[in-house]
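This note's numbering puts the sequence shown at residues 1 to 86.
These are computed hints drawn from the structure, not numbers from a lab. In this text, all values refer to a predicted model and were calculated from it rather than measured experimentally. No residue lacks a Cβ here, since even glycine has one placed at the ideal position from N, Cα and C. Hints may contain errors.
Label-pair restraints from in silico Cβ distances [to be verified]:
(1) GLY80 <-> SER6: 12 to 20 Å
(2) THR49 <-> GLY11: 31 to 39 Å
(3) ARG81 <-> ILE38: 12 to 20 Å
(4) GLN66 <-> ARG21: 28 to 36 Å
(5) ALA10 <-> SER34: 28 to 36 Å
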Amino acid sequence: LPEWRSTDSAGGASLWLEGPRGTDSRGLADAAASRSVIIEPGDRFFDRTEKPSRFMRLGISSIALQHIEPGIRELATAAGRRPAAA
1 LPEWRSTDSA
11 GGASLWLEGP
21 RGTDSRGLAD
31 AAASRSVIIE
41 PGDRFFDRTE
51 KPSRFMRLGI
61 SSIALQHIEP
71 GIRELATAAG
81 RRPAAA
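Generate coordinates for the entire structure from the input sequences, incorporating the hints supplied.
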């Protein structure tokens, strides 16, 4: 997901992603869940009337390290992006 931006989680329990304009994090959450990847749409965390839909939160602290890269690949597939080669 090279066109996506992430936060530096530096010891945090979650990672925030910002998708490109037009990303629907609620739709992506449904598509990702069908691939056994759970993300949290970020719009609910914004305290304003117009809530951007391209942000999402990924819980990472309870995920075994060996599952993170495959999960990101599945997320890329769910987002309609071709996963990068390993």
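Hints, verified against the model:
no. : hint                        : verdict
1   : GLY80 <-> SER6: 12 to 20 Å  : holds, 19 Å
2   : THR49 <-> GLY11: 31 to 39 Å : holds, 33 Å
3   : ARG81 <-> ILE38: 12 to 20 Å : holds, 18 Å
4   : GLN66 <-> ARG21: 28 to 36 Å : holds, 33 Å
5   : ALA10 <-> SER34: 28 to 36 Å : holds, 31 Å
Going down the numbered hints, you'll see the structure goes against none, and every one checks out.
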